[in-house]
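Novice: Here are the chains, one letter per residue:
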Amino acid sequence: MTTPTRTRPTVTSGIGDSPLRPDGVPKLKGEFQYAQDLWSEGMLWGATTRSPHARARIVSIDIGPALATGGVHAVLTADDVPGPGMFGLEHPDQPVLASDEINYWGEPVAIVAAEDPDTARRAAAAVVVEYEALPPLTDPEEADRADSVFRRLQIRSGDQEVTGEVVVEGYYEVGTQDQAPLGTEAGLAVPDGSGGVDLYATSQFVHADQSQVVEALGLRPEQVRSHPTGVGGAFGAREDVNLHIHLVMLALHTGQPVKMVYQRSESFTGHVHRHPARMWYRHHATRDGKLVRVEAKILLDGGAYASTTSAVLANACYFAVGPYRVDSVLVEGIGVKTNNPPCGAMRGFGAVQSNFGYESQMDRLAAELGMDPLELRRRNALATGDRNPTTQQVIQTPLPVAECIDSLAAIPLPDGDDPILPGGSGLTTDRSHIVRGVGYSVGIKNLGFSEGSDDYAEARVRLTDEGAVVETAAIEVGQGLVTVLAQMARTALGISKAIVRHVDTSRIGSAGSTSASRQTQISGGAVMEASRRLRERILAHHGGDELDDLGVHRAGELIAPMSELIREGWEETYTFRHPPTTPPDDDGHGDIHADFAIAAHRAVVDVDPELGLVRVVRVDTAQDVGRVLNPVSVQGQIEGGIMQGVGLAVMEELVIQDGVIRNPNFTDYLLPTILDAPDVEMLLIEQGSWWGPFGAKGVGEPPTISSTAAVAAAIRNAIGRDLNRVPVRPEDIAL
Amino acid sequence: MIVEFRLNGEDVNARVVGPTSLLDVLRDELGLFGSKSACAQGECGSCSVVLDGEVVCSCLVMAADAEGSEVTTVEGLSTDGLNPIQEAMLRSGAVQCGFCTPGIVVAATELFRVNPSPTRIEIKEALAGNICRCTGYGAIIRALESLSGGEQ
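Chains as they are written, first to last, in my numbering: chain A, 1 to 735; chain B, 1 to 152.
In short, the hints are calculated from the structure, not lab data.
Among these hints, one or two may not hold up.
Among the chain B residues that face chain A by a calculated CB cut under 8 angstroms, a handful are [what the hints assert, rightly or not]: (1) Ser-37; (2) Ala-40; (3) Cys-44; (4) Ser-46; (5) Pro-84.
Covered, in the sense of this in silico footprint (three residues per stretch, anywhere, with C-beta under 8 angstroms from a C-beta of chain B), are these stretches of chain A [what the hints assert, rightly or not]: (6) 220-234; (7) 249-260; (8) 478-486; (9) 572-580; (10) 627-636; (11) 639-645.
A virtual CB, placed ideally from N, CA and C, is assigned to each residue, including glycine.
Based on the sequences and whatever the hints tell you, model everything.
Specialist: Structural data, given as structure tokens:
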């Protein structure tokens with residue numbers, strides 16, 4: 001006879017489950033409060049005067065007519081900025097308001113607060129600025145020659161004299177993509193009456209916002225509290241400060257709450273974009289398809305100010321070879337400074353651009369060798385224990401490159417016609433003209449911050465009568481962090497009732513940015529460890545062996561009910577760090593990255609070659625996800641990420657001429673609609689991360705990295721033409 | 001001027017100054033923040049409302065033209081709980097950032113009112129004016145298809 005043992009009850013809605021997202025009901029009912037919806041009694045509305053020139057000298061500014069407008073409470077220029085007046089996510093190189101020189105089209109020159117939005121906009125237009133227009137530097141190659149650069153990075157690995165039996169060369173370009181989150185930049189700053197301000201604004205990183213506000217305006221840290229608020233999408237566009245410092249200036253100046261909402265056209269100038277890229281590649285291989293040397297030159301246009309160009313360039317270069325073994329590498333990376341709109345973070349962060357380069361090259365090499373493109377990739381697939389060929393870092397995390405390729409290949413191809421024709425409702429295509437193509441791409445990206453940055457997140461877990469309350473400043477931008485952090489707390493504590501509460505910068509330490517696919521791993525790591533420690537402390541205190549919804553148990557008997565634990569006021573705060581990374585040495589080598597993730601994509605397209613129209617029928621994927629913590633969220637990240645990759649492949653591009661954005665609106669900047677959406681079949685490869693909580697890897701960026709190149713490859717396959725630029729435009733196909 | 005219309009089943013009147021859109025009046029004058037302003041050009045559908053039985057972008061409708069009309073916003077589509085469209089979207093993961101969600105709820109609820117068993121392509125055509133930047137649309141399609149094949 002065996003002694004019955006008490007098995008730990010499984011918590012409901014823990015990891016591996018897909019609990020309904022807690023903000024789902026208010027979002028569906030139109031009751032969720034976004035930054036655009038904030039309201040405060042007696043608030044004023046802000047507006048911004050922006051430069052109509054990409055480069056100019058400011059001769060004079062006359063705020064008189066603007067100030068004279070009825071209902072205007074303040075018109076501020078660079079002269080009114082207290083403190084150093086500079087900001088920037090990595091380097092404070094950007095003026096809060098331009099004082100003497102203009103470096104990009106749309107650069108802020110003055111800010112206004114008025115009693116209603118229309119008056120504010122009219123007053124902003126009434127600020128008289130006399131400019132001396134100067135010729136802008138907009139050609140990135142000219143900027144390189146003129147040494148106008150944010151960063152140069154050279155990576156040299158192995159014998160530099162090696163050449164291959166087969167050599168293929170190519171030149172590739174990636175256009176400027178915009179994150180185009182549906183919610184534009186918005187915020188509300190509320191003075192506290194004693195010299196401080198509470199700031200509620202669209203963000204991915206409230207602690208960085210807060211420190212940039214404080215440093216730019218010369219304030220004391222305790223004067224500014226930055227509060228997480230409802231964000232209508234981000235994708236990188238919310239990582240940098242834009243209206244935040246302006247709002248605080250206007251609120252401090254007027255002593256009244258000030259709200260500001262960018263209209264769509266202003267949003268296109270008010271946030272950074274994905275870097276456009278020019279890339280030169282040379283791949284060397286043996287006749288049987290083994291890579292022996294890869295040479296790449298990668299030129300990214302950072303635009304007028306630094307933002308994160310340095311880190312984006314680093315990513316493009318460190319992943320310039322892709323997830324492949326090769327001993328000899330030479331990568332030259334240049335992030336140039338021009339008078340184009342500033343570029344910075346967007347989903348994929350540099351890895352997108354070089355993926356289009358190296359995967360186009362892999363296809364070119366496969367064609368030259370007469371080899372199946374997937375077979376070429378499989379033969380060179382990187383694996384755990386290998387060195388990343390660029391950084392020479394030994395890869396410790398599971399890296400299922402070959403598994404992703406094999407899984408992808410096993411997904412059946414669609415047969416039969418797609419019900420939607422290329423060109424959609426225009427119906428200009430005849431089905432008899434359509435040719436189908438299939439293309440592949442495999443991508444790799446780092447997870448979390450790299451190059452020796454101290455990447456951490458703080459989280460607090462408290463037991464209250466609401467259950468376990470997770471307190472964090474990590475921003476929910478739509479991805480579902482608010483769901484998965486509660487799932488982790490439930491599983492780690494053993495308690496089914498858990499909620500996530502966002503708190504401001506004065507009440508908790510930084511969670512870092514909601515970027516780099518990092519929050520599930522890093523803030524998740526903090527929540528898991530805080531919960532685990534809290535559970536251990538509670539059990540030790542009461543001498544129990546089990547904690548669940550009822551309380552603490554010993555040998556199956558309830559010895560401390562939950563109500564008692566709540567009265568005792570238990571809480572635990574933990575700061576999680578991923579394994580340390582190092583800056584690169586002179587050859588670009590080092591333990592640069594904390595973790596990696598892989599995705600492979602196969603695109604199926606229908607093309608009308610005469611009209612240049614493309615319909616992306618299917619994008620299938622196999623993705624390395626570590627462990628699936630929330631199946632519905634993972635599926636949503638993958639489908640949404642693929643859609644943005646498809647957008648870059650066939651339609652999304654900011655058209656910039658002489659530094660001016662020519663299509664800053666949704667009529668001319670094309671976004672994929674539901675009729676453009678491909679069907680997606682996915683296989684998830686679960687090999688737990690070497691340090692991620694519960695084995696999780698970040699899943700948000702890999703879907704966007706290689707889907708673009710797969711679609712471009714499929715179009716090439718359909719029409720038999722060499723396409724070296726994304727987005728692929730109708731004229732690239734038909735002319 | 002004062003514009004009078006029926007909003008979510010109740011008579012309302014609103015002060016309208018100049019060429020103000022119905023969207024601005026809903027949000028700024030009447031305090032209904034469910035309809036979202038995202039493009040102000042009728043491209044994205046975030047501001048979708050039903051105006052006299054037709055889904056329209058309220059950013060493109062002059063508020064003055066709503067005089068005497070029947071307007072339904074997302075706030076008028078469910079009372080205490082969720083309507084079946086909302087419930088299906090919640091369960092399918094069709095909500096991420098949620099900024100497009102009210103407009104999609106409006107368009108989809110109107111689709112199912114007119115056509116209780118839409119095909120996949122009819123669902124796509126009905127939502128072709130609603131841009132979602134987060135989901136890639138897969139979960140939205142799954143949510144609505146689950147209703148189309150179900151109780152009807």
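Novice: Next step is simple, just say for each hint if it's right about the structure.
Specialist: For each hint, the structure was consulted:
Taken as an interface hint, Ser-37 (chain B) checks out: its beta carbon lies about 7 angstroms from the nearest beta carbon of chain A, inside 8 angstroms. Checking Ala-40 (chain B) against chain A: minimum C-beta separation of about 6 angstroms stays under 8 angstroms; hint holds. The closest approach between the C-beta of Cys-44 (chain B) and any C-beta of chain A is roughly 6 angstroms, which is under the 8 angstroms cut-off, so the hint is satisfied. For the restraint placing Ser-46 (chain B) at the interface with chain A, the shortest Cβ-Cβ distance is roughly 6 angstroms, inside the 8 angstroms limit, so the hint holds.
The closest approach between the C-beta of Pro-84 (chain B) and any C-beta of chain A is roughly 11 angstroms, which is over the 8 angstroms cut-off, so the hint fails. Only residues whose C-beta sits within less than 8 angstroms of a C-beta in chain B count toward coverage, and the segment 220-234 of chain A has 4 of them, enough to reach three; the restraint holds. Coverage of the segment 249-260 of chain A by chain B is violated [criterion: at least 3 residues with CB-CB distance below 8 angstroms; count 0]. Counting residues of the segment 478-486 of chain A whose CB lies closer than 8 angstroms to any CB of chain B gives 3, which reaches the minimum of 3, so the coverage claim holds.
With a threshold of 8 angstroms between beta carbons, the proposed coverage of the segment 572-580 of chain A by chain B is violated, since 0 of its residues qualify and at least three are required. Check result for the segment 627-636 of chain A against chain B: holds, 4 residues qualifying (beta carbon to beta carbon below 8 angstroms, three or more required). Note: the segment 639-645 of chain A has 6 residues with beta-carbon separation from chain B under 8 angstroms; the three-residue rule is met and the coverage holds.
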